[in-house]
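Protein chains: 2
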Amino acid sequence: PEQGDAAAVSNIVAARDTDELALLLESLPQEQRLNVWDSIARHRKLEVLVAMRGDAREVLIDSTEQQEWEGLFSDIDAEQLLELADSLPNKLVDSALRAMDKQQRQFFRDASQFGDDQIGHWLSHDVLVLPLSAKVRDAMRLLRREVPEHTDSIFLINRAGQFAEVVRLTDVIGAPEHVPLVDLSEEEIDIVKAEEDCTKASLLVQKSGFSALPVVDESNKLLGRLDIATASELVNEFYERQLMASAGMDEEEDLFAPVKKSARSRAVWLGINLLTAFLASWFIGLFEATLQQVVALAVLMPVVASMGGIAGSQTLTLIIRGLALGQVTGGNRRALLVKELSVGGLNGVVWAIVIGIVASVWFSDPLIGVVIGMAILMNIVAAAFAGVLIPIALDKLKIDPALSGSVILTTVTDIVGFVAFLGLGTWWLL
Amino acid sequence: PEQGDAAAVSNIVAARDTDELALLLESLPQEQRLNVWDSIARHRKLEVLVAMRGDAREVLIDSTEQQEWEGLFSDIDAEQLLELADSLPNKLVDSALRAMDKQQRQFFRDASQFGDDQIGHWLSHDVLVLPLSAKVRDAMRLLRREVPEHTDSIFLINRAGQFAEVVRLTDVIGAPEHVPLVDLSEEEIDIVKAEEDCTKASLLVQKSGFSALPVVDESNKLLGRLDIATASELVNEFYERQLMASAGMDEEEDLFAPVKKSARSRAVWLGINLLTAFLASWFIGLFEATLQQVVALAVLMPVVASMGGIAGSQTLTLIIRGLALGQVTGGNRRALLVKELSVGGLNGVVWAIVIGIVASVWFSDPLIGVVIGMAILMNIVAAAFAGVLIPIALDKLKIDPALSGSVILTTVTDIVGFVAFLGLGTWWLL
Numbered sequence: 001p002e003q004g005d006a007a008a009v010s011n012i013v014a015a016r017d018t019d020e021l022a023l024l025l026e027s028l029p030q031e032q033r034l035n036v037w038d039s040i041a042r043h044r045k046l047e048v049l050v051a052m053r054g055d056a057r058e059v060l061i062d063s064t065e066q067q068e069w070e071g072l073f074s075d076i077d078a079e080q081l082l083e084l085a086d087s088l089p090n091k092l093v094d095s096a097l098r099a100m101d102k103q104q105r106q107f108f109r110d111a112s113q114f115g116d117d118q119i120g121h122w123l124s125h126d127v128l129v130l131p132l133s134a135k136v137r138d139a140m141r142l143l144r145r146e147v148p149e150h151t152d153s154i155f156l157i158n159r160a161g162q163f164a165e166v167v168r169l170t171d172v173i174g175a176p177e178h179v180p181l182v183d184l185s186e187e188e189i190d191i192v193k194a195e196e197d198c199t200k201a202s203l204l205v206q207k208s209g210f211s212a213l214p215v216v217d218e219s220n221k222l223l224g225r226l227d228i229a230t231a232s233e234l235v236n237e238f239y240e241r242q243l244m245a246s247a248g249m250d251e252e253e254d255l256f257a258p259v260k261k262s263a264r265s266r267a268v269w270l271g272i273n274l275l276t277a278f279l280a281s282w283f284i285g286l287f288e289a290t291l292q293q294v295v296a297l298a299v300l301m302p303v304v305a306s307m308g309g310i311a312g313s314q315t316l317t318l319i320i321r322g323l324a325l326g327q328v329t330g331g332n333r334r335a336l337l338v339k340e341l342s343v344g345g346l347n348g349v350v351w352a353i354v355i356g357i358v359a360s361v362w363f364s365d366p367l368i369g370v371v372i373g374m375a376i377l378m379n380i381v382a383a384a385f386a387g388v389l390i391p392i393a394l395d396k397l398k399i400d401p402a403l404s405g406s407v408i409l410t411t412v413t414d415i416v417g418f419v420a421f422l423g424l425g426t427w428w429l430l
Numbered sequence: 001p002e003q004g005d006a007a008a009v010s011n012i013v014a015a016r017d018t019d020e021l022a023l024l025l026e027s028l029p030q031e032q033r034l035n036v037w038d039s040i041a042r043h044r045k046l047e048v049l050v051a052m053r054g055d056a057r058e059v060l061i062d063s064t065e066q067q068e069w070e071g072l073f074s075d076i077d078a079e080q081l082l083e084l085a086d087s088l089p090n091k092l093v094d095s096a097l098r099a100m101d102k103q104q105r106q107f108f109r110d111a112s113q114f115g116d117d118q119i120g121h122w123l124s125h126d127v128l129v130l131p132l133s134a135k136v137r138d139a140m141r142l143l144r145r146e147v148p149e150h151t152d153s154i155f156l157i158n159r160a161g162q163f164a165e166v167v168r169l170t171d172v173i174g175a176p177e178h179v180p181l182v183d184l185s186e187e188e189i190d191i192v193k194a195e196e197d198c199t200k201a202s203l204l205v206q207k208s209g210f211s212a213l214p215v216v217d218e219s220n221k222l223l224g225r226l227d228i229a230t231a232s233e234l235v236n237e238f239y240e241r242q243l244m245a246s247a248g249m250d251e252e253e254d255l256f257a258p259v260k261k262s263a264r265s266r267a268v269w270l271g272i273n274l275l276t277a278f279l280a281s282w283f284i285g286l287f288e289a290t291l292q293q294v295v296a297l298a299v300l301m302p303v304v305a306s307m308g309g310i311a312g313s314q315t316l317t318l319i320i321r322g323l324a325l326g327q328v329t330g331g332n333r334r335a336l337l338v339k340e341l342s343v344g345g346l347n348g349v350v351w352a353i354v355i356g357i358v359a360s361v362w363f364s365d366p367l368i369g370v371v372i373g374m375a376i377l378m379n380i381v382a383a384a385f386a387g388v389l390i391p392i393a394l395d396k397l398k399i400d401p402a403l404s405g406s407v408i409l410t411t412v413t414d415i416v417g418f419v420a421f422l423g424l425g426t427w428w429l430l
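As given, the protein sequences belong to chains A and B, one line each in that order.
Each residue of the first sequence is one higher than the last, beginning at 1 in our numbering.
Each residue of the second sequence is one higher than the last, beginning at 1 in our numbering.
Treat each hint with caution, since some may be false.
As the list claims (entries may be wrong) - Calculated cross-link-like contacts (lysine-lysine; reagent style DSS-like; alpha-carbon spacing at most 27 Å):
| id | chain 1 | residue 1 | chain 2 | residue 2 |
| --- | --- | --- | --- | --- |
| 1 | B | Lys200 | A | Lys207 |
| 2 | A | Lys200 | B | Lys200 |
| 3 | A | Lys102 | A | Lys45 |
| 4 | B | Lys45 | A | Lys207 |
| 5 | A | Lys200 | B | Lys207 |
Derived from the structure by calculation, the hints contain no laboratory data.
Given the sequences, and given the hints that come with them, work out the whole structure.
Written as structure tokens, this is what we have:
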């Protein structure tokens with residue numbers, strides 16, 4: 001949208017649904033983003049903020065006047081505030097809490113006791129529940145009230161409030177009024193503990209065949225539910241986090257973050273990588289005398305490092321996915337290492353020969369071919385080794401392998417590559 | 001599971017559900033995988049195969065005797081065969097088709113006319129449909145039959161079979177028998193065209209608030225539905241494809257593929273990267289004389305290449321995500337380029353100074369600091385430029401930027417980095 005044509009902007013804005021508006025705002029540069037934001041009807045602003053990614057949303061939050069918040073918060077519920085809380089200054093979180101009723105405030109406090117990687121943080125209280133003794137009649141009464149989206153069943157709880165049984169709505173429909181719901185309960189359902197990892201629990205919901213799974217506390221008391229739409233959002237966020245982490249970024253990263261902020265957030269990653277690059281350089285520096293005498297080694301250095309890096313990142317990617325999916329376990333680690341070392345050995349030999357021949361011909365010196373071939377083989381095998389062990393070790397240390405795995409791996413393959421290549425060169429070529 | 005203890009294996013196997021079995025098989029080395037496979041009850045084998053990832057499944061398919069297939073196919077439907085078809089030899093696809101009834105065969109043929117990136121390939125025919133004139137009574141009759149999972153509404157079609165309206169089941173429940181369903185239809189629903197991209201359509205389902213969206217052909221005729229569980233599977237596959245593509249792999253890649261097969265599939269990617277590495281080496285070779293005189297340049301080369309590569313991959317990752325989410329459009333491309341160039345310029349200046357100082361001190365030569373500083377600045381800016389333009393260009397050419405983006409980017413940053421660094425070195429240091 002062009003600036004100045006405010007009426008046109010308003011029309012475009014009014015026609016879009018919440019998710020489209022959130023996407024539109026994310027894809028606009030700062031100035032235009034604020035213009036469109038101003039033309040959104042006040043009663044829609046909160047839901048649009050909730051639907052946006054963290055960093056892009058913060059720009060809008062910062063530009064909103066103190067007095068406007070009261071109006072925006074008039075209708076806020078616990079789930080919305082949980083989604084926004086990280087982007088809001090503490091003062092605004094407090095005023096949102098004051099605007100809520102007692103129950104929503106309690107929901108917010110309960111959820112805040114869980115980390116945002118636990119399902120207790122994201123559960124919904126909008127759930128159809130009846131006592132274990134309820135009949136079809138009770139269910140029908142419940143269904144005549146407003147039923148939340150993605151509801152395909154009623155949860156039955158015992159007197160202690162513990163989850164007991166599940167009944168499908170479609171089994172209730174058409175059944176005689178006096179039949180106890182328990183008699184219609186045919187299926188087993190997976191129960192999610194509130195402290196469970198939110199990606200694992202969400203994947204479970206997606207595969208369960210139910211539109212929502214019950215979430216319980218340690219004593220099996222029903223706290224709420226995780227529905228499949230929320231689960232899908234959480235899974236998508238998990239994948240986005242992995243994709244962004246591979247480049248040292250956050251999944252909240254804003255396409256149009258202010259230049260200074262964006263530069264600062266990326267500088268950290270560049271700095272970490274710089275340290276590893278200097279480390280590699282330092283190792284190369286050990287062979288200055290060799291490089292001076294055999295310049296071909298300097299020319300070919302990138303080939304050795306690159307082949308190790310690529311081979312290692314293939315293994316690394318496969319293992320990181322395996323860890324995330326639960327394919328990689330204590331029981332198959334050793335077999336996996338053997339397999340990856342075999343693949344690395346085979347590819348190492350093949351490419352050592354190819355590269356050795358090319359280098360021999362290029363520099364008219366068969367010995368250079370032998371040196372680079374050996375270095376390639378050693379580096380590809382080392383890469384396979386590192387590609388398996390680094391993510392497994394990081395995972396054990398509770399560090400996200402998607403984030404730090406590739407830096408560590410590249411450091412290993414660079415150093416092994418340069419030292420093997422230049423070391424063998426010093427030994428055999430001088 | 002240890003070999004030899006077949007009874008124990010059978011017990012473990014019988015206790016697991018389909019998805020768990022599929023995961024277990026994927027995470028086992030070849031030999032053990034075949035042992036577990038043999039102990040799975042015959043009537044469960046087909047559904048387990050369907051739930052597995054492509055490559056891991058092929059091992060099992062190859063080991064299954066010709067005569068066993070008849071039993072496995074006795075109950076196969078179109079959706080299962082569509083999922084398996086790519087892993088099956090043509091002869092087996094034909095014999096599965098012969099085992100189906102006429103309708104399922106037709107479903108399979110219809111779906112096969114769409115590419116597997118189109119929603120027409122994946123739609124389900126298991127859908128509650130009634131004519132536009134139907135009453136609550138008709139709906140209740142329909143609901144007493146078996147209702148597919150993730151069904152929260154009935155689709156109403158007109159006489160031409162075109163999709164017309166949607167009614168929520170919860171609005172039908174409790175309504176008087178003679179009320180026309182149209183009168184209960186309150187909501188708009190998004191309609192998906194069969195030729196639409198399957199990731200886009202699946203994301204739409206996840207956000208729709210419905211458990212399934214109607215899928216129609218060009219003339220709006222209702223073909224079936226896309227439910228949220230299938231949509232989530234498709235979205236998860238999309239993300240996995242992106243993650244694996246960044247290392248030149250397939251999302252079907254098997255953790256325990258046979259060594260030869262695995263080595264072969266990865267060799268292609270190593271080969272492509274080798275070509276780009278040799279290209280970079282060739283450019284370095286142009287400066288052999290310089291390298292011989294100033295060995296410090298050889299020592300510092302990896303720093304220049306690495307900083308460019310990292311900065312570029314950050315921009316690239318952000319743009320690839322933006323393209324996938326629809327954040328990057330024709331309208332904001334220019335603004336995005338300006339912003340990324342600004343971020344690159346700012347980080348370029350900062351790191352040029354830092355690296356310049358370190359290099360000056362290390363080699364006791366301020367001129368080396370100036371040379372590497374300039375090269376770093378040029379390379380980080382070039383990286384930002386390439387990071388924006390490469391994925392956008394690939395996307396226009398319908399090439400997956402997640403797969404080839406990073407190779408092309410690294411080629412650019414390597415060559416720009418080496419040429420700038422060694423070129424400036426030749427000019428100023430000799």
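Hints and how they fare:
Only pairs whose Cα atoms come within 27 Å are accepted, and Lys200 of chain B paired with Lys207 of chain A is accepted, the gap being roughly 20 Å. For a cut-off of 27 Å, the pair hint linking Lys200 of chain A to Lys200 of chain B stands: about 24 Å separates their Cα positions. In summary, the hint linking Lys102 of chain A to Lys45 of chain A is supported, as the alpha carbons are separated by about 24 Å, within the 27 Å threshold. Under the criterion of a C-alpha separation no larger than 27 Å, the hint pairing Lys45 of chain B with Lys207 of chain A is consistent with the structure, at around 18 Å.
Between the alpha carbons of Lys200 of chain A and Lys207 of chain B the distance comes to roughly 20 Å, so the proposed pair stays at or under 27 Å and holds.
Of the numbered hints given earlier, the model fails none.
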